[in-house]
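Spelled out, the chains give:
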Amino acid sequence: MKARATVHSALDVERIRRDFPILSLKVNARPLVYLDNAATTQKPLQVLNAMQGYYTLSNANVHRGIHYLSARATELYEDAHIRAAQFFGAKSMQEMVFTKNATEALNLAAYSLTQSLRPGDEIVLTFMEHHSNIVPWQQLALQRGLKVRFVPIQSNGQLDVHVLDEMLSERTKIVGVVHASNVLGTINDVKSIARRAHKAGAKVVVDGAQSAPHVKVDVRELDCDFFAFSGHKMLGPTGIGGLYGKQELLERLPPFLFGGDMIREVHATHSKWNDLPWKFEAGTPPIAEAVGLHAAMDYLNALDLDRVHAHEQMLVFRALNGLAKMPGVHVLGPLDARARTGLVSFETPSVHPHDLAEVLNAQGIGIRGGHHCAMPLAEHLNLKNGSARASFYVYNSLSEVDALLAGVKKALKLFG
Amino acid sequence: MYAENILDHYKNPRNKGVLENPSVTHEEFNPLCGDRIRLQLKVDAQGTIVCARFLGTGCAISQASASMLVEQAEGKTLKEVRAWSKEDVLDWLGIPIGPVRLKCALLALDTLKNALEILNKMNPSVVQGARP
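Taken in sequence, the protein lines are chains A and B. Be aware that the first sequence starts at 3, since it is given in this note's numbering, and climbs by one per residue. Be aware that the second sequence starts at 4, since it is given in this note's numbering, and climbs by one per residue.
Chain A on its own, in the form it takes in the complex (with noise of 0.2 Å):
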C-alpha cells in the first residue's frame, strides 16, 4: 500500500464521514460501503439537525399569517430560494421555483413550454436521458401532436453534436438534455449545446440531477433556459427540488400546478397569478426540506465543489482502472475519469447485475443493478440486462472502492 501513500485526496474524508452516522452501520457484518449516490445520498447532520431546529422552533405555514411564526417559516423558505439561486448562479430568488423533486420541475418545464406549441413542432432529446426527461415530453408531444427526436451516442460515451445539428431547424422548439448522465457518468457540454440550441431558436431545458451534486453549475455561464435539480441527490432531504428559469421566460409561461398562493386574485371564472416564483408553486410547500436543502448547500458550499469533483474523479480513475483490467467486466462511458461525474457503470456479461448486486451487498457493499431508468439508452447500447453501477460521494474513500473491486472478481469467480 505504500505506493498509494502519495494519493492525497482533495477532501478530508475521514472527517467528513463523521458528520454521516448512517455511515458507521455494519450491514451482514460488514461495514457498510454505500456506492448507491447517484439514487440518492446521505444526510449530514447538519441538514438532518437543520430540519428538526425548524421543526421544533419555527414551524408555521409560509406566506398566510400575520402571526411571529408564519413570518419566521416564510423568512426561511425564501432564505432558501436565495441560497438556492445563489449556488447555481442564477440572477435572483425570482428564477429559482421549487418543486418536489427534478421529475417535477422537468414536468413543470414541459408542461408550461409545450402549451404554445403547434403540430408539427419539434423537440429534441438525447438517448442519455432519464426516464424523467423523456416521458413527459413524449406524453405532451401525444397530446398536441409535437413529434420528439433524439440525438445518438458514440461509442465513447459523448454525444454526437453534429447529428444534433443536423435536427435543429426552425421547427426545433425546446431541446432538452442531460447535463450529466445517470448511467454513463458523461458531463455534456451544455454551452455549446444551448449555443447551437439558440441560433435555431430554441429553448434548452437542462436535467441537473445528476451535475448539481458533483460539478460547480453556472446557470448563466451554461446559458440554458431552464434546469432542473433533485435536494436528496445533493445531501439534502427528499421532497424537495427546484427549477431554474430565466425570469423573462417563466413570466411568459403558463403556471404549471394551481391552487393555493400561486395566484394574486381569484374570483369565481378567473384568476390572476401571483409574483415568481409563487406563480410556480401551488399549495403548501415543503418547508422543512427547503430548511434541510439550504442547510446541504450550505455544506457543499463549505466542501468547495471544485474539491468534490477532483476527489470523485480520483475515485472514479481508481475504478475505471481497477475494472478495465478485469476480464469479463466491460466499462461502460468516457474512459477519460476527467470527462465523468463520480459514477462508474459496467457490463458483466457471465452475472446479471442483480445477482451482482446480491453478491455485493452480502458483503455489505450497496450498489444499483438494473436499466438506471434510462430503458432507451439501456436498448441504444443494446444491454439486454441493464448494467451495475457504483456511484460515489464526498464521504466513500479509495478503500471502498477497493472494496467493491474485490468484490465484483469475487462474483465473477461465483458466476464463472
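If you're looking for bench data, these hints aren't it; they were derived computationally from the structure. Computed from a predicted model, the values in this text were never measured in an experiment. Keep in mind that a hint or two might mislead.
List of simulated lysine-lysine pairs, BS3-like, C-alpha gap at most 27 Å [what the hints assert, rightly or not]:
(1) B:Lys14 / A:Lys412
(2) A:Lys28 / A:Lys93
(3) A:Lys411 / B:Lys14
(4) A:Lys412 / B:Lys106
(5) B:Lys14 / B:Lys82
(6) A:Lys386 / B:Lys82
(7) A:Lys386 / B:Lys19
(8) A:Lys386 / B:Lys116
(9) A:Lys386 / B:Lys106
(10) B:Lys14 / A:Lys415
(11) B:Lys116 / A:Lys327
(12) B:Lys14 / B:Lys124
(13) A:Lys415 / B:Lys106
Dock chain B against the given chain A, drawing on the hints supplied.
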C-alpha cells in the same frame, strides 16, 4: 449470498428446452429486470403433466426458480400444481428473498399460473381435475 442449490440450478438448468406439440406455451417478461421465461407443458387426458420445459434469460433467482419449478412439475397433476403458492417457490429456493427480488423469484410461478389459465379456457375439466 446465494446457496449452492440456486447456483447449481442456474448453471445447470433442468428441463431447459423446447417441446414438440405442447398442450400449452406461455411466456412472461419482467421489463424491469429483463427476466424472461417461456414455459411449455404437455398434459395427458387425465390432467397429469407428462413433460415440462422452459427457456429463459435473466438473473440467477429467476432462472433457478424456473428450473426448480419445471423439475417439480413433471409427473404432478394440474390440480396439484394449481395449488402451488409463493411459499412453495420460496421453500425450494431456501434463502430469504427481499421484496425487490420477489418478482424475480415468482416469475416462473406467474408464468405457470397464466399457462394454467389458458389451459383452463381450452379444457376446464382437465385443469380442475374433474375427470378421473
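Hints, one by one, checked against the model:
1. B:Lys14 / A:Lys412: Holds - the C-alpha atoms of A:Lys412 and B:Lys14 are around 17 Å apart, at most 27 Å.
2. A:Lys28 / A:Lys93: It is violated: about 45 Å lies between the C-alpha atoms, which goes past 27 Å.
3. A:Lys411 / B:Lys14: Measuring from Cα to Cα gives roughly 18 Å; hence the hint holds.
4. A:Lys412 / B:Lys106: With a Cα-Cα distance of about 25 Å, the restraint between A:Lys412 and B:Lys106 holds, given a limit of 27 Å.
5. B:Lys14 / B:Lys82: 30 Å, violated
6. A:Lys386 / B:Lys82: 36 Å, violated
7. A:Lys386 / B:Lys19: Measuring from Cα to Cα gives roughly 20 Å; hence the hint holds.
8. A:Lys386 / B:Lys116: 26 Å, holds
9. A:Lys386 / B:Lys106: Given pair A:Lys386, B:Lys106 holds - Cα atoms ~18 Å apart, limit 27 Å.
10. B:Lys14 / A:Lys415: 13 Å, holds
11. B:Lys116 / A:Lys327: Roughly 45 Å between the alpha carbons, so the hint for B:Lys116 and A:Lys327 is violated.
12. B:Lys14 / B:Lys124: 35 Å, violated
13. A:Lys415 / B:Lys106: 26 Å, holds
Violated hints, listed in ascending order, are 2, 5, 6, 11 and 12; each of the other numbered hints is respected by the structure.
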